[in-house]
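Asker: With the hints as extra help, turn the sequences into a complete structure.
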Amino acid sequence: MKRTAALPGLGDLPWSSRARRERHVHLLFLLPALTLLALITVYPLFYGIVVSFTDLQLARPRQALSFVGIAQYVEMARSAQFWTTVLNTLVFILGAVGAQLVLGLVMALLLNRGLPGFALVRTLLLLPMTVPTVVSSLAWYSMYNPTYGIINFVLAWVGVSGAPHWLADPRTAMLSVILVDLWQWTPFVMLLLLTALYTMPEEYAEAAAVEGAGALQTLRYVTLPFLRPFLGVVLLFRTIDAFKVFDKIYVLTGGGPGTATETVNFFAYRQGFAFFNMGYASAISVFILTTVVVLSAMIIRSTQRLQET
Amino acid sequence: MRGRRWRRSVTDLLTWAAVIPLLAFELFPIYWIVQMAFKHNVQIYAMPPEFVFRPTLDNFTYILGRTQPYLGNLKNSILVALGTTALCAVVGTPAAYALSRTVFRSKQVVMFSILASRMLPPVAIAIPLFLIMRSLGLVNTYAGIILAHSTFILPLVVWIMKTFFDEVPVELDEAARIDGASAPLVFARVALPLAGPGLGAAATLAVIFSWNEFFFSLILTGAVTRTMPVALAAFVGAITLEWGRMAAAATLAIAPIVLFTFLAQRILIRGLTGGAVKG
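Chains L and Y are the protein sequences, given in the same order. Taking our numbering, the leading residue of the first sequence gets 880, the next gets one more, and so forth. Taking our numbering, the leading residue of the second sequence gets 86, the next gets one more, and so forth.
Take the hints with a grain of salt, since some may be wrong.
Said to hold, decoys possible - Heads up, incomplete: computed chain Y residues facing chain L, CB under 10 angstroms, no partners named:
#: 1; residue: Tyr130
#: 2; residue: Tyr147
#: 3; residue: Leu184
#: 4; residue: Val275
As the list claims (entries may be wrong) - Simulated restraints, written as ranges between beta carbons of each label pair:
#: 5; chain 1: Y; residue 1: Met132; chain 2: L; residue 2: Ala950; range: 52 to 58 angstroms
#: 6; chain 1: L; residue 1: Ala1042; chain 2: Y; residue 2: Arg139; range: 27 to 33 angstroms
#: 7; chain 1: L; residue 1: Thr914; chain 2: Y; residue 2: Arg139; range: 45 to 51 angstroms
Claimed, not checked - Covered stretches of chain Y (chain L as the covering partner; in silico rule of three or more C-beta atoms under 8 angstroms from a C-beta of chain L):
#: 8; segment: 118-129
#: 9; segment: 138-144
#: 10; segment: 152-165
#: 11; segment: 296-303
#: 12; segment: 328-340
Because the hints were derived from the structure by calculation, they are not lab data. Just so it is clear, CB atoms sit at the ideal spot from N, CA and C, and this is done for glycine as well.
Answerer: Take a look at the structure:
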């Protein structure tokens, strides 16, 4: 009955006192989350940028931050090892993500046939992603073992002699790490593309069939063009994740042999927590951060385009 | 007619013939480490590998023994996963509600920050976070690692809860408001119960992500707070790798995840893409 005092509906207009009160309440609801994120994410990010302009070393006793300008960035740009790790990262991303896209697409097209039993297959395919990466890396570590591992046993059994020491040989180490990433994340590509395929209007394929297109032509001219924006999203997600690879390199190779599998992310970690050069490690992380921010801007633009369609 | 049906069942057969090897490839490493947990060293080193063998529980008895740290690691993993989930649910749910109900155009901002936090390289946060936590005495404490896990789990919980609140009709809120309920009461009594299943899904995902997290845990935990993934990774550094014991510890780390994967399968793809794609 109180509402009769005001004109009906007016209470909901943005300039009314009720809407303003509502907004205050909403702000209160938001406050704890915003404060927490500011403290644990935003502040550390800025602090990290500050540290990258100092020569902070953990090995020395407590010290005030002494600024060295862009010296850490100069050292980074001059370091041959840094560029090696950048190159390793590129090789890892191109190898792993490229193979995942191809194999994931094939799996999605297969599972899109929706035969009975495929729902269970899809659920089981979640496991490589949800099992802790440390555990699956340990599983692969045992499989790669040159003496007792199942991989070289099977190779010998089918008649391949002189199989390599997968993780210890600089020629095969990166390939072995890429294979584990391929194993872990192909189901992700598959699931995303499968979700996309479910939304494809049936008329598309029907129209192609009426026109007399074969299965391959339908794939080439109908399905793939439809999937293109989704493939873009998957590509960017996987690229950024591959950029951040850490767990499997830590377990499988520790960046070795030599620097054969050391990615830029792992390089930053080692500078910080093996050599305690926090200033230098921060400069490398800022480089990684900047790269990822640029990639993220691209992903956000492409997902927005996706949601508009 | 019969020809077409025959062709169809041949294609079905061919599809399965392609799916089965792929499925085997994706499941084999998990199967392999689990079966290893039930073998003695002699059986593990046997060439050719034994696919049929007498299982033993010795590795588990050893790993769970009083002299070993793994029971403590498991306890730490559980505490950290539950602590992170509780913190993120308590802080994140009201925030998600406000974002779902607010009149401003917050959608783009939220979407940006959620995706940004999904994309953020952990190393860029971990180094300064470690320095800050060291000066506050938070390294090697449960609070420290729970806060570190919240950096990526809180945005995820907010996003997922927001999508669930979006599905609760605003009219229900308004009806309660007309009856004189205050905004917090409407949230607690009307919206929250209806978004309950969402909270379950978000919590399941939060537990999985925290349980599996390795990088922050490696840097921020110590002897007292070490979680299972960090303890597992240490097996590789040992002089002689005890495969069976390692596999037993790994199996203990997998077991709850398998259960939770089946529970959370529908929300998983949404969680893995930071909400960018609906599963």
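Asker: If a hint holds in the structure, say so; if it doesn't, say that too.
Answerer: Against the structure, the hints come out as follows:
1. Tyr130: holds (5 angstroms)
2. Tyr147: violated (17 angstroms)
3. Leu184: Status holds, d = 7 angstroms.
4. Val275: violated (14 angstroms)
5. Y:Met132 <-> L:Ala950: 52 to 58 angstroms: Between Met132 (chain Y) and Ala950 (chain L), where Cβ atoms are some 55 angstroms apart, the hint holds.
6. L:Ala1042 <-> Y:Arg139: 27 to 33 angstroms: holds (30 angstroms)
7. L:Thr914 <-> Y:Arg139: 45 to 51 angstroms: Check failed, 57 angstroms falls outside 45 to 51 angstroms.
8. 118-129: holds (count 3)
9. 138-144: violated (count 0)
10. 152-165: This one is violated; 0 residues, fewer than the three required, reach chain L with a Cβ under 8 angstroms.
11. 296-303: holds (count 5)
12. 328-340: holds (count 6)
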